[in-house]
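Undergrad: Sequence:
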Amino acid sequence: TLIAAMFFVWRVFRPIQMAYQALSRWPQMQPTLEQLNRFMHSDEVEEDSARTQHWTLPDPKGAIAFKNVNLRLNAVQEPALSQLNLQIAPGALVVLSGAEGAGSSSILKLIDGQISPGSGVVSLDGADLRQYPISQLRQAVAYLPDNAGVFPGTLRENLLLANPLLTDAELVASLEGMALQELLASPGLDRPIAMRGTGALLPHQVQAVAVARILLTKPSVVLMDQPFRKLAPAQAKALVTTLEQRRGRATTVVSGDTPELLKLADQIVVLREGTVAFSGTPAALLAAQQQAQAAMAHDPN
50 TLIAAMFFVW RVFRPIQMAY QALSRWPQMQ PTLEQLNRFM HSDEVEEDSA RTQHWTLPDP
110 KGAIAFKNVN LRLNAVQEPA LSQLNLQIAP GALVVLSGAE GAGSSSILKL IDGQISPGSG
170 VVSLDGADLR QYPISQLRQA VAYLPDNAGV FPGTLRENLL LANPLLTDAE LVASLEGMAL
230 QELLASPGLD RPIAMRGTGA LLPHQVQAVA VARILLTKPS VVLMDQPFRK LAPAQAKALV
290 TTLEQRRGRA TTVVSGDTPE LLKLADQIVV LREGTVAFSG TPAALLAAQQ QAQAAMAHDP
350 N
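Throughout the sequence shown, residue numbering follows my numbering, covering 50 to 350 in sequence.
Distance windows between CB atoms, simulated:
{"hint": "1", "residue 1": "GLN339", "residue 2": "ALA124", "range": "35 to 43 Å"}
{"hint": "2", "residue 1": "GLY167", "residue 2": "MET345", "range": "32 to 40 Å"}
{"hint": "3", "residue 1": "ALA333", "residue 2": "SER184", "range": "37 to 45 Å"}
{"hint": "4", "residue 1": "SER235", "residue 2": "PRO213", "range": "20 to 28 Å"}
{"hint": "5", "residue 1": "LYS116", "residue 2": "GLY329", "range": "16 to 24 Å"}
Please keep in mind that the hints were generated in silico from the structure rather than gathered at the bench.
It should be emphasised that the depicted structure is a prediction, and the values quoted were computed from it without experimental measurement.
A virtual CB, placed ideally from N, CA and C, is assigned to each residue, including glycine.
Work out the full structure: start from the sequences and follow the hints.
TA: What follows is the structure, encoded as structure tokens:
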């Protein structure tokens, strides 16, 4: 009877224990679940949105423009963007540089169609982004958030979220391109990925897999929010090389201040308090900085 009673107690309290364990893992899983939710419900968003569903615009080449864009994320905070004007050429590699909260994340989310400006226009190939059906915009724009993660499952399953028709050879090439050869050791693409504990990836590996996944897509525009922040030196170097090799294939907009990336950029956009303080080539930025330093040297006040 004692054994039966203990078994009964275990059966009663086991679901509570499982619920507590799941609740304790929520902070680690929340960013990943948000990404999966966004991926799985893109069609649902399209049905509920005010965007047109009756036509499809020509496939965009990747020209992006902001015209007098204002954005306030809530009524309490200061505007995230204020009268922002910006032009990005098709196929350009653009780096958004600035202090935390300067507006780079907001710019990326606007281009991705996650949020809409309070006023002004964000356009893709001359058409207001709000004219694009969500399904077409999701095919044209690939977005890597600053909290990108992996999902429970195998390494292959994580990468196939980019495109379920990809071959194993393409998946392996993407991992090698991000200097992740250590993940290709047995069992390779069948490697199970856990959210924590045994089977969990290191933070720099999680970030590198997320970057590899986004680079497996074939969009017109690639958006990356602080992709270098969690990468180890080997993976950071690999990403710079990959971006250089992919130059011109898609418009690529990256936020961050990695020196190697700044040198590689076609266009650097320096943001300050939600406005564009500078936009131009690396050489033009260097000249502007030297001019400012010279002016300060001649002005003791």
